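Q: In order, the protein sequence lines correspond to chains A and B.
Heads up: the first sequence runs through residues 1 to 85, numbered per this note's numbering.
Heads up: the second sequence runs through residues 1 to 142, numbered per this note's numbering.
Fair warning: there could be bad hints in the mix.
Stated by the list, open to error - Listed next, the in silico DSS-like pairs over lysine-lysine satisfying Cα-Cα at most 30 Å (straight line):
1) B:Lys101 x A:Lys17
2) B:Lys55 x A:Lys60
3) B:Lys55 x A:Lys17
4) A:Lys60 x B:Lys101
Just so you know, these hints were derived from the structure itself, not from any lab.
This structure is a prediction, so every number in the text was calculated from the model and none was measured.
Each chain, written out:
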Amino acid sequence: MLDWHDAMRPLFEREEKCFEAHRDRWVAGGRVDRWVAIRGDDVVGFWDSLGEAVEAVQQKFGDAPVYIRQVAVEDSPQVIQRLGG
Amino acid sequence: MSASLVPPPPPSFSMGGPVRGRVASIIVYGAKDAQSQLHRFEALIDTGATATTIKDSQAQALGLRMLRRQQFNTANGPVVLTVYAMHVIVGGRQQNLVLRKTIEVVGSTNLFGEMLYGMDMLSEGTLTMTLDAHGNGNWDWR
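Model the full assembly from the supplied sequences, consistent with the hints where possible.
A: This is the structure we're talking about:
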């Protein structure tokens with residue numbers, strides 16, 4: 001039986017590749033710190049805050065999964081020491 | 001000379017509470033969006049977490065929107081976790097001093113407690129803790 005994380009593993013892999021393929025161009029184009037939404041290979045749009053991005057995506061796609069992330073030059077390490085994994 | 005000094009702007013929020021045994025917690029209200037019923041969390045203030053974290057089961061129960069999957073470093077090594085969006089309200093000492101915004105929260109099946117209040121939120125202000133030899137004292141965040 002798949003656990004929750006195994007079941008979620010394939011989700012957003014395509015959108016992650018799309019994000020990485022566009023990141024350098026977005027950084028060079030002044031999109032750093034803006035929030036981008038991606039569905040499949042399609043870039044839905046950019047917003048100044050996560051709240052604006054979520055609201056716009058909810059209105060357009062309802063509860064369907066849409067990849068949302070803040071554009072950064074590079075990913076800083078994310079640490080949660082209290083989790084066992 | 002003193003006439004040219006500009007006083008610092010007042011803090012937009014001010015919160016605080018007791019620290020007991022080096023453990024400090026803050027009450028956070030969270031929901032899917034501003035229209036949904038709020039759930040009350042007692043969140044552990046955790047300067048060792050870069051991201052605010054809740055249980056996956058709670059994220060699903062609240063119907064939080066999944067944003068992506070992302071790798072995190074934990075005490076047991078790297079893991080890939082789901083990141084959600086949550087509308088949060090954090091109350092202040094005065095009713096008009098409230099932090100209200102949509103933030104990213106990380107979902108974990110292996111979380112001790114209800115919520116970890118991480119540096120992503122704490123960096124919105126300045127956290128000060130005063131502790132005695134027993135790890136008891138007060139925290140202040142503004």
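Q: Determine for every hint whether it applies to the structure shown.
A: Evaluation of the provided hints:
For the given pair, Lys101 of chain B sits about 29 Å from Lys17 of chain A by alpha-carbon distance, which is consistent with the 30 Å threshold. For the hint pairing Lys55 of chain B with Lys60 of chain A, the CA-to-CA distance comes to about 28 Å; that is within 30 Å, so the pair holds. A threshold of 30 Å between alpha carbons decides the hint, and for Lys55 of chain B with Lys17 of chain A the separation of about 27 Å falls inside it, so the pair holds. Taking the CA atoms of Lys60 of chain A and Lys101 of chain B, the gap is near 21 Å; set against the 30 Å cutoff, the hint holds.
Of the numbered hints stated above, none is contradicted by the structure.
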